[in-house]
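**Q** What follows is the residue order along each chain.
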Amino acid sequence: MHINSIVKKEGKIGCGECQSSCTVGNQSCVIRKPLI
Amino acid sequence: MVHTFKFSYSGKEHYFVWDAESGSLHNVDRVAFLIVNKIYDVRPLSKEEQGELCAVPKEEYDGIVSELKNLEAEGCLNTPCTTYAEKKRTGEIKAMCLNVCYDCNLRCKYCFADEGTYHTTSRAHMSAETGKAAIDWLISRSGKRHNLEVDFFGGEPLLCYDAVKQIVEYARSREKDSGKTFSFTMTTNCLLLDEEKAKWLDENMYNVVLSLDGRKDVHNRMRPTPNGKDVYDVIRKNALYMAKLRGKKSYYVRGTFTQANLDFAGDVKAMVEAGFDSVSVEPVVTDIPGIEIRDCDLPVIFEEYDKLARYYLDRYNAGKPFTFFHYFVDLETSPCMTKRLTGCGSGCEYVAVSPEGKIYPCHQFCEQEEYLMGDVWGGEGVQGVEDYFATNIVTRKKECENCFAKYYCSGGCAANNIKFGGGMDNVTPITCAMMRKRLENALFIAAYTLVSPPIENAVR
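Chains A and B, in that order, give the protein sequences. Residue 10 in numbering that gives the first Met the number 0 sits at position 11 of the first sequence, with consecutive numbering throughout. Residue 413 in numbering that gives the first Met the number 0 sits at position 414 of the second sequence, with consecutive numbering throughout.
No lab work stands behind these hints: they were computed from the structure. Please note: incorrect hints may appear among the correct ones.
No more than 35 Å apart at the CA atoms, straight line, and that leaves these computed lysine-lysine pairs for DSBU-like [to be verified]:
no., chain 1, residue 1, chain 2, residue 2
1, B, Lys179, A, Lys8
2, A, Lys8, B, Lys57
3, B, Lys236, A, Lys8
4, B, Lys319, A, Lys7
5, B, Lys357, B, Lys5
To spell it out: a stretch of chain B is covered by chain A in this simulated footprint if at least three of its residues, at any positions, have a beta carbon under 8 Å from a beta carbon of chain A; those stretches are [to be verified]:
no., region
6, 153-166
7, 329-337
Label pairs and their computed distance ranges (CB to CB) [to be verified]:
no., chain 1, residue 1, chain 2, residue 2, range
8, B, Glu73, A, Cys28, 18 to 24 Å
9, B, Ser9, A, Cys28, 30 to 36 Å
10, A, Pro33, B, Arg395, 21 to 27 Å
11, A, Met0, B, Lys175, 54 to 60 Å
12, B, Gly378, A, Ser27, 32 to 38 Å
13, A, Cys28, B, Lys215, 52 to 58 Å
14, A, Pro33, B, Asn203, 17 to 23 Å
15, A, Cys28, B, Gly420, 43 to 49 Å
16, A, Cys28, B, Glu194, 49 to 55 Å
17, B, Pro298, A, Ser27, 28 to 34 Å
18, B, Arg42, A, Pro33, 24 to 30 Å
19, A, Met0, B, Asp113, 53 to 59 Å
20, B, Cys80, A, Pro33, 31 to 37 Å
All C-beta atoms, glycine included, are put in the ideal place defined by N, C-alpha and C.
Go ahead and model the full structure; you've got the sequences and the hints to work with.
**A** Structure follows, in structure tokens:
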């Protein structure tokens, strides 16, 4: 196997009820195969 | 855009392809890694790498290219950049930083707020009445937002402990009639954090941020008292008491690394081994000579971030995990694109209030009068400030256009961009370089922990 897509990729967005980040990347709103 | 990176752990090299636009993470072997770099022009291949690819049988090579094209067709690779309109300013505020005092009982050498004073001489403390007016203002400006956040900040907010208690009590009393729910947080240096205050904070705070810089000599060098006294031992004891009280509730022990401790993985390790299991150690943001992070420091910092990632996974594999703020990436329930485009929402969704009740776009703008947005009694501010911050969207920033981390940092901190880059859209290269490095490591950790179940009976 050459490629394992661990995670891939409108609707309910922008509701603003999430925590204010103050990196958005560390906030919150899977193919489980061993790593190659 | 397509980005590739690799990470070496436990004697094995792991290769990844990250599709920034869709947020898809692919784990690949070395051959596929080289092919992706070649056909998507991610980076030029060395002569040795070109030789490796020439040795790959045609059938195998074509098979990999075919798999990649299938991922493209699915919208998970080489996804085209979408154009986004500038955000519509709703005027709904959902988060507020209450700077309850311009006063502090420490004299941290890197403090952005000039030893907590925000470049004032008043050492002002917020009255409970001003705090209550701020709560009323937040409710009135929150529109349809249900969850509201208030962070007690300073200076040192425990210098205003009685006012803080009254403000929290008042906000709770307004929840029912306003239909809002408040979450409170506090950032404290822990010097005044006795058992009584710790218990009250534990009962009333959604999150507590405890300032500690790691090892004793590092902390004492940067965070002395006004008379130069070392207080690491007191602060560590108080912070540990608070952390133990929190149990599984949210807290962070939060340190800063500077030019003087580029070996900051040692500081994280010291805190974890002292008993803290939720840690954030972050680069200093300053231009003070001898403290600031320089270009020439980056190779050492990158090596340190790698060391920290391996330590993180060693603990995870031993059933003794800890949380490191910048290595937390939620790939299963991650934020929507709207949130990623607009970041912290300073000046639009998030504001700061001074001890006198003046409103600014965030805590870093306090007492910069050109950014005054008004006051909590309805007084007016400088015209156009809110409109200016409504334009803070990552896709406006030219330097972010081809960055694989743009939907994770959202174009950086507006205050830092203005202060060190000369404008809100001017990102700072050193900050960006560290952000990209952290994201690569965080994605590797996310991949590793998603496919490797945690050890049972883990402590947290």
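**Q** Taking only the CA atoms, is the gap from Lys319 of chain B to Lys7 of chain A under or equal to 35 Å?
**A** holds, 29 Å
**Q** For the hint 32 to 38 Å, verify it against the beta carbon of Gly378 of chain B and that of Ser27 of chain A.
**A** About 37 Å separates the Cβ atoms of Gly378 of chain B and Ser27 of chain A, which means 32 to 38 Å holds.
**Q** Quick check: does the Cβ-Cβ distance between Cys28 of chain A and Lys215 of chain B fall within 52 to 58 Å?
**A** violated, 39 Å
**Q** Is 17 to 23 Å right for how far apart the beta carbons of Pro33 of chain A and Asn203 of chain B are?
**A** Given about 45 Å between the Cβ atoms, the range is violated.
**Q** Look at the Cβ atoms of Pro298 of chain B and Ser27 of chain A and judge whether their distance stays inside 28 to 34 Å.
**A** Given range 28 to 34 Å: holds, Cβ gap about 32 Å.
**Q** Under 8 Å between beta-carbons, do enough residues of the region 329-337 of chain B, three at least, approach chain A for the coverage claim to hold?
**A** holds (count 9)
**Q** Just to be careful, I want the Cα atoms of Lys357 of chain B and Lys5 of chain B compared with a cutoff of 35 Å; is the pair within it?
**A** violated, 48 Å
**Q** Should the hint that Met0 of chain A and Lys175 of chain B are 54 to 60 Å apart at their CB atoms be regarded as holding?
**A** With a Cβ separation near 57 Å, Met0 of chain A and Lys175 of chain B satisfy 54 to 60 Å, so the hint holds.
**Q** Using the Cβ atoms, figure out if Cys80 of chain B sits within 31 to 37 Å of Pro33 of chain A.
**A** holds, 33 Å
**Q** Honestly, do Cys28 of chain A and Glu194 of chain B meet the 49 to 55 Å range at C-beta?
**A** violated, 36 Å
**Q** Is 30 to 36 Å right for how far apart the beta carbons of Ser9 of chain B and Cys28 of chain A are?
**A** Taking Cβ atoms as reference, Ser9 of chain B and Cys28 of chain A lie about 32 Å apart, which means the hint holds.
**Q** Next pair to validate is Lys179 of chain B with Lys8 of chain A; report whether the Cα-Cα distance is within 35 Å.
**A** holds, 33 Å
Hint compliance for this structure: hints 3, 5, 6, 10, 13, 14, 15, 16 are broken, all remaining hints hold.
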